[in-house]
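Engineer: Start from the sequences and build out the full structure, keeping to the hints where you can.
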Amino acid sequence: MRRREVLLLIGVAGISSLAARAQQSRLPLIGYLSPGAPSAQNRAALRDGLAVGGFVEGRDVTIEVRSADGHYDRLPELAAELIDLKPSAIIVTTPTATLAAKKATTSIPIVFSMGGDPVAAGLVTSLNHPSGNVTGVTFLSNQLDAKRLQMMHRLLPHANAVAAIANPGNPNTAAEVLATEDAARSLGLKLFVSRAGTEDEITNALEEVALRGVTAIHVMADQFLTSKSERINALAIGHGIATSFSNVAALAGGGLMAYGADVIETERQAAVYVARILKGEKPGDMPVIQSSKFAFVLNLKTAKILGLDLDPNLVRLADQVIE
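Under the numbering used here, read the sequence shown as residues 24 to 346, first letter to last.
For the record, the hints were derived by calculation from the structure and aren't laboratory data.
Quantities reported herein were computed from a predicted structural model and do not represent experimental measurements.
Note that beta-carbon positions come from the ideal geometry of N, C-alpha and C, so glycine has one too.
Errors might be hidden in some of the hints.
What the hints assert, rightly or not - Within a straight-line C-alpha distance of at most 35 Å, the following computed DSBU-like cross-link-like pairs (lysine-lysine) qualify:
id	residue 1	residue 2
1	K305	K316
2	K302	K316
3	K170	K126
4	K316	K170
5	K213	K316
6	K126	K324
7	K305	K126
8	K213	K324
9	K327	K109
10	K327	K170
11	K324	K170
12	K126	K316
13	K213	K170
14	K327	K316
15	K327	K213
16	K305	K109
17	K324	K305
18	K316	K109
As the list claims (entries may be wrong) - Cβ-Cβ distance ranges computed for the label pairs, FRET-style:
id	residue 1	residue 2	range
19	S149	R235	41 to 47 Å
20	A275	E204	24 to 30 Å
21	K170	K305	34 to 40 Å
22	H181	H152	47 to 53 Å
23	S111	R208	45 to 51 Å
24	K302	K170	36 to 42 Å
25	H152	D205	31 to 37 Å
Structural biologist: Written out as structure tokens, the structure reads:
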């Protein structure tokens, strides 16, 4: 091929690339604000929810992610960054992220997918009539933590102590710890609470749990801790410790059990709401969805590694069994 023809092809390719970028820049932008990076499952749920409304990422909308990687104090700064991009809507995944986004804008629609009570948190005026620019999907994570501890106790009936790992940067942690402490007392369990908001603190917490001789860890509902679940599970298995999470996705890498709201489904529902907003609906007129889909998942591969003989009746109760 002659040099002139090669240069022509390169020029055409460059123009096509610029045109594609220009087209993409004109697409509606969706911001995503979270304490932890969204997993592949989270991203798939967002795409599925948008597709329900006829929106395809890359063709009809673009998604810009801002993750604080566990540093909750960075959320206001990251929210401001997203607002500067002038998104059509913002998806947020915790009460703190929602508050940060709400303080940054009163006009851009905000859709949350989170645990906790959005009315008590001051995010909406009521569940049926949110008003303002905020709505979304919620589940009562504190109640679920207590139930999850009960399930863990049934799986490990001979354990008389449980460790809990909580992220001190999560404002919902105090309430969740209180609910878990109450549940532990009712079950006659000793509860040791370790706080971890960084990877180094996670390592230290696991070492502390191992030194105490505790064989079960209850990981509090927190997106940063969930995003580090593979690290937590690897360290726990190395110490012969079983782990319990609220998020099914956290069983990757060897968690023993998960019980809680189907977080992936709540993200999908939040994306459905975003699609409706892109079509013209106002968030203040869209009732907050209370998630009613829960999942109990057991990892029999991990049970075998840890030498656990699980109650067959509990195994039959599981919505999903990993073998």
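Engineer: If a hint holds in the structure, say so; if it doesn't, say that too.
Structural biologist: Status of each hint after checking the structure:
Distance check on the hinted pair: K305 and K316 sit about 25 Å apart at the alpha-carbon level, within 35 Å; holds. Between K302 and K316, the direct Cα distance comes to roughly 27 Å. Compliance with the 35 Å bound is thereby established for this hinted pair. Annotation: proposed proximity of K170 to K126 holds, straight-line Cα distance about 34 Å (limit 35 Å). At most 35 Å may separate the alpha-carbon atoms for a hinted pair to count; K316 and K170 meet this at roughly 15 Å.
Taking the CA atoms of K213 and K316, the gap is near 30 Å; set against the 35 Å cutoff, the hint holds. Between K126 and K324 the alpha-carbon distance is near 45 Å, which puts this suggested pair outside the 35 Å criterion. Straight-line distance between C-alpha atoms of K305 and K126 comes to about 18 Å, which keeps the hinted pair within the 35 Å bound. For the proposed pair K213 and K324, the alpha carbon gap of about 27 Å is at most 35 Å, so the pair holds.
Between K327 and K109 the alpha-carbon distance is near 51 Å, which puts this suggested pair outside the 35 Å criterion. Of the pairs offered as hints, the one joining K327 and K170 holds, with about 24 Å between alpha carbons and a cut-off of 35 Å not exceeded. With a C-alpha separation of about 23 Å, the suggested pair K324 and K170 falls inside the 35 Å cut-off, and the hint holds. Restraint check for K126 and K316: satisfied, since their Cα atoms lie roughly 30 Å apart, inside the 35 Å limit.
At roughly 16 Å between alpha-carbon atoms, K213 and K170 fall within 35 Å of each other, so this suggested pair holds. Taken as a hint, the K327 and K316 pair is honoured in the structure, with Cα atoms around 28 Å apart against an allowance of 35 Å. Between K327 and K213, the direct Cα distance comes to roughly 25 Å. Compliance with the 35 Å bound is thereby established for this hinted pair. For the hint pairing K305 with K109, the CA-to-CA distance comes to about 17 Å; that is within 35 Å, so the pair holds.
With a C-alpha separation of about 47 Å, the suggested pairing of K324 with K305 is violated against the 35 Å cut-off. The straight-line distance between the Cα atoms of K316 and K109 is roughly 33 Å, inside the 35 Å bound, and the hint therefore holds. A hinted range of 41 to 47 Å for the beta carbons of S149 and R235 is consistent with their spacing of about 45 Å. Checked against the hint of 24 to 30 Å, the pair A275 and E204 passes, with Cβ atoms roughly 28 Å apart.
Checked against the hint of 34 to 40 Å, the pair K170 and K305 passes, with Cβ atoms roughly 35 Å apart. Between H181 and H152 the C-beta distance comes to about 50 Å, which sits within the given range of 47 to 53 Å. Distance hint check: the CB atoms of S111 and R208 are about 48 Å apart, consistent with the given range 45 to 51 Å. Separation of K302 from K170 is about 37 Å and conforms to the stated range, judged on CB atoms against 36 to 42 Å.
Roughly 33 Å separates the CB atoms of H152 and D205, a value that falls within the hinted 31 to 37 Å.
Of the numbered hints listed earlier, those contradicted by the structure are 6, 9, 17.
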